[in-house]
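A.B. asks: With these hints in hand, go ahead and build the complete structure from the sequences.
Chains as they are written, first to last, in numbering that gives the first Met the number 0: chain A, 0 to 224; chain B, 0 to 397.
These aren't lab readings, by the way, just hints derived from the structure by calculation.
Keep in mind that this is a model prediction, so the values were computed, not measured.
All C-beta atoms in this analysis are idealised placements derived from N, C-alpha and C, irrespective of residue type, glycine included.
Hints may contain errors.
[Claimed, not checked] Label pairs and their computed distance ranges (CB to CB):
1. B:267 to A:210: 38 to 48 angstroms
2. A:132 to B:128: 41 to 51 angstroms
3. B:16 to A:100: 18 to 28 angstroms
[As the list claims (entries may be wrong)] Under 7 angstroms between C-beta atoms, here's a sample of chain B residues computed to sit facing chain A:
4. 47
5. 50
6. 53
7. 56
8. 77
9. 79
10. 87
11. 94
12. 98
13. 140
14. 370
15. 373
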Amino acid sequence: MSDELGQDTPEPRAGIGRRTLIKRAAAAGAVAWTAPVILDSLASPAAAASCAKCFKFGIQAVNTGNANPTKTDNYPVLSYNVGTCLPNGDANCVAANEKQNVNFSALGITLTNPFQVNLPSSNQVTVSMAQSGTFSGAGCRTPFQIIGTSFIWRSTGSDPRFPSGTGDNGVCERAKPGDSPTTGNLFPNNHLVAVSSSSVTWTMPASLKPGHSGGFNFVIGCDCG
Amino acid sequence: MTDAGETAIEPSADDLDGRFVARRAPGMATVDADPEALLLHEPTGYFHLLNPSAALVWDCVDGVTSASAIAAEIGAVTGAPFERVLRDTLALLSELRDAGAVQDATSSVVAPLPPPPRERLAFLDERFATAPEHAALGVTMDGASVTVRATDPAPVEALRDALGARAGDPVPGAAEVSILCGRVGEVGRDLDRVYAETVEVTRTGSVARAAHIALRLVDDLLTDVLAADDSIVTLQADALLDVHGTAVLVDDRSSVRRVGTRTLARIGLRRLELASATIDPATGELVVLTPGRALGAAPFDALAAAFPLDDDVAPSGRYRVRTLVLLGATPDELKTTSPARRVGSLVALVTGGDGTARSADLAAVARLAQQWHVVRELGLTPDDVRDVLQTVAVEGTV
Numbered sequence: 000m001s002d003e004l005g006q007d008t009p010e011p012r013a014g015i016g017r018r019t020l021i022k023r024a025a026a027a028g029a030v031a032w033t034a035p036v037i038l039d040s041l042a043s044p045a046a047a048a049s050c051a052k053c054f055k056f057g058i059q060a061v062n063t064g065n066a067n068p069t070k071t072d073n074y075p076v077l078s079y080n081v082g083t084c085l086p087n088g089d090a091n092c093v094a095a096n097e098k099q100n101v102n103f104s105a106l107g108i109t110l111t112n113p114f115q116v117n118l119p120s121s122n123q124v125t126v127s128m129a130q131s132g133t134f135s136g137a138g139c140r141t142p143f144q145i146i147g148t149s150f151i152w153r154s155t156g157s158d159p160r161f162p163s164g165t166g167d168n169g170v171c172e173r174a175k176p177g178d179s180p181t182t183g184n185l186f187p188n189n190h191l192v193a194v195s196s197s198s199v200t201w202t203m204p205a206s207l208k209p210g211h212s213g214g215f216n217f218v219i220g221c222d223c224g
Numbered sequence: 000m001t002d003a004g005e006t007a008i009e010p011s012a013d014d015l016d017g018r019f020v021a022r023r024a025p026g027m028a029t030v031d032a033d034p035e036a037l038l039l040h041e042p043t044g045y046f047h048l049l050n051p052s053a054a055l056v057w058d059c060v061d062g063v064t065s066a067s068a069i070a071a072e073i074g075a076v077t078g079a080p081f082e083r084v085l086r087d088t089l090a091l092l093s094e095l096r097d098a099g100a101v102q103d104a105t106s107s108v109v110a111p112l113p114p115p116p117r118e119r120l121a122f123l124d125e126r127f128a129t130a131p132e133h134a135a136l137g138v139t140m141d142g143a144s145v146t147v148r149a150t151d152p153a154p155v156e157a158l159r160d161a162l163g164a165r166a167g168d169p170v171p172g173a174a175e176v177s178i179l180c181g182r183v184g185e186v187g188r189d190l191d192r193v194y195a196e197t198v199e200v201t202r203t204g205s206v207a208r209a210a211h212i213a214l215r216l217v218d219d220l221l222t223d224v225l226a227a228d229d230s231i232v233t234l235q236a237d238a239l240l241d242v243h244g245t246a247v248l249v250d251d252r253s254s255v256r257r258v259g260t261r262t263l264a265r266i267g268l269r270r271l272e273l274a275s276a277t278i279d280p281a282t283g284e285l286v287v288l289t290p291g292r293a294l295g296a297a298p299f300d301a302l303a304a305a306f307p308l309d310d311d312v313a314p315s316g317r318y319r320v321r322t323l324v325l326l327g328a329t330p331d332e333l334k335t336t337s338p339a340r341r342v343g344s345l346v347a348l349v350t351g352g353d354g355t356a357r358s359a360d361l362a363a364v365a366r367l368a369q370q371w372h373v374v375r376e377l378g379l380t381p382d383d384v385r386d387v388l389q390t391v392a393v394e395g396t397v
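C.D. replies: Written out as structure tokens, the structure reads:
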């Protein structure tokens, strides 16, 4: 790989310089004319994939009282006073593509560790999306790509991490590939560990609300090029 | 330039024809990835990957030569029919124009796009807004200012004592070092987090250590070496040091960055507390600069007297880099053989918190990455992290 560069690249001189460049390339066998194309235009490597289809789903613990859910739940998950907490890409994935009450195994979803938001931050929950295989519930093909995700959880009014108030307090934390734990949209606390196109990991926030009281939303791209 | 090139005007799928003269848009820089190319818009970090034919056309975009002339020239050396080359060239130029990479050379000159506003972390500001005890100080030297703020007053007061007369009021718009002090809940106390602008540098349970790191960051930011010194490449990467004194660079987004100190210690690694990894492009070494370049040694000595230094603060020096751990955001990035895509996978390493990226840094790290062992990580599962760490450990024994 050549590493020559042009910072503020001067445009090549017309005439001899450019022709020489082309002829050298031709002599080296580098020029067999094929259609010139932009392979990708990216704001970050995370945006590399383009997907033809999508689906979206929620994973919710509190609704079923189950810390180890095996099926998708309502999308979006319960609001907990912070709105719908829709993840990135939601607007481009229509409601008809929502997958509710579908077995994770039919959607290529893997959930690790108990999903209880009252656990301490040492407990991490990872949701991974299949990169190969056939998953009849998805209605489209792998590799699946996480377009956006959100973590919604609630605690009590006595939780010192929240502004003063009464009643249940909810938190919406959004993330998308390319984000890091220092990315915005994470208020009042940041529980994102890492997110990529294939998986996301959150730490549990040690909610003071007894029970599970939380959920994840996902928008997933599929038939990705 | 041939007559055919001047006169043959082929219709295109767009509004362009063979008379179109393109010039490169301001801010566009090229990093060659022979035979492909990567076009980087430095003010925003946005980039385009070109296949070999597109890279050839891009080389010919000079603000003077028409599309027909370019097509004629390329057709002459490749043997491809002029009409086909022209049609393809116009289609590419149309795409590049739509992407903002080229402009009509006959139009009035457009000023370079300004850098986007500095990204603010909403949750940082919100934390300070809800921390009634928060405190801040400013340090100004030679026209450069840095603000240190903390959600609790203790670290700021410690720094004020250490800085003495250099400590003043915060200057609006100055670069910021933020300390989010851990909060006490029923399940224990959160760690303190130290940020250099938008980058989280460290998490620690020690206020003293947070103050030490903050002072070092102030010194770095005042020296401005991270932004202005062309002899140093700044990477958005974490650095680990192994028992042999060699460094492992870790993509800022990598899951390895979240691995605990004790786990790292078990495989013979310790984390260096750096705002950014600075690399000597000539040697590929990690350069840990001596603190006090801007502030002098006195504040560091004063702080160390009040809060003795642990041995986990990075010692100054130069360290050979042996491994680069990259977060592969897509499966394609792991298996690609495209030179441009491989260079593209490094862009995040040189994109700063304000979204700007320097092509000089990108070219340097692309060259250096050929010397380093590169571990590409896909996604994050416990197995992924274990695999990456095992790879790093094994490499360290070679």
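A.B. asks: Each of the hints needs a verdict: does it hold here or not?
C.D. replies: Hint-by-hint comparison with the structure:
1. Look at residue 267 of chain B against residue 210 of chain A: about 42 angstroms separates their beta carbons, and that is inside 38 to 48 angstroms.
2. Between residue 132 of chain A and residue 128 of chain B the Cβ separation comes to about 47 angstroms, which falls inside the hinted range of 41 to 51 angstroms.
3. The supplied range of 18 to 28 angstroms is broken by residue 16 of chain B and residue 100 of chain A, whose beta-carbon atoms lie about 57 angstroms from each other.
4. For residue 47 of chain B, the suggested interface contact is upheld, since its CB lies about 5 angstroms from the closest CB of chain A, less than 7 angstroms.
5. Interface hint status for residue 50 of chain B: upheld, as the beta-carbon distance to the closest one in chain A is roughly 5 angstroms, under 7 angstroms.
6. Contact between residue 53 of chain B and chain A, as hinted, is supported at the beta carbon level, the nearest pair being about 4 angstroms apart and thus within 7 angstroms.
7. Residue-level restraint check for residue 56 of chain B holds (minimum Cβ-Cβ distance to chain A is 5 angstroms; threshold 7 angstroms).
8. Of the supplied interface hints, the one on residue 77 of chain B holds, with its beta-carbon coming within about 4 angstroms of a beta-carbon of chain A, less than 7 angstroms.
9. Evaluation of the residue 79 of chain B hint against chain A yields a held restraint, the C-beta minimum of about 4 angstroms falling below 7 angstroms.
10. Taking 7 angstroms as the C-beta cut-off, the interface hint given for residue 87 of chain B holds, the closest approach to chain A being about 5 angstroms.
11. For residue 94 of chain B, the interface hint holds, since its Cβ comes within 7 angstroms of a Cβ in chain A; the closest pair sits about 6 angstroms apart.
12. For residue 98 of chain B, the suggested interface contact is upheld, since its CB lies about 6 angstroms from the closest CB of chain A, less than 7 angstroms.
13. For residue 140 of chain B, the interface hint is violated, the least distance from its beta-carbon to any beta-carbon of chain A being 27 angstroms, above 7 angstroms.
14. The beta carbon of residue 370 of chain B is not positioned within 7 angstroms of any beta carbon in chain A (closest approach about 11 angstroms), and the interface hint is therefore violated.
15. This hint is violated: residue 373 of chain B has a C-beta 13 angstroms from the nearest C-beta of chain A, more than the 7 angstroms allowed.
When held up to the earlier numbered hints, the structure conflicts with 3, 13, 14, 15 and fits the remainder.
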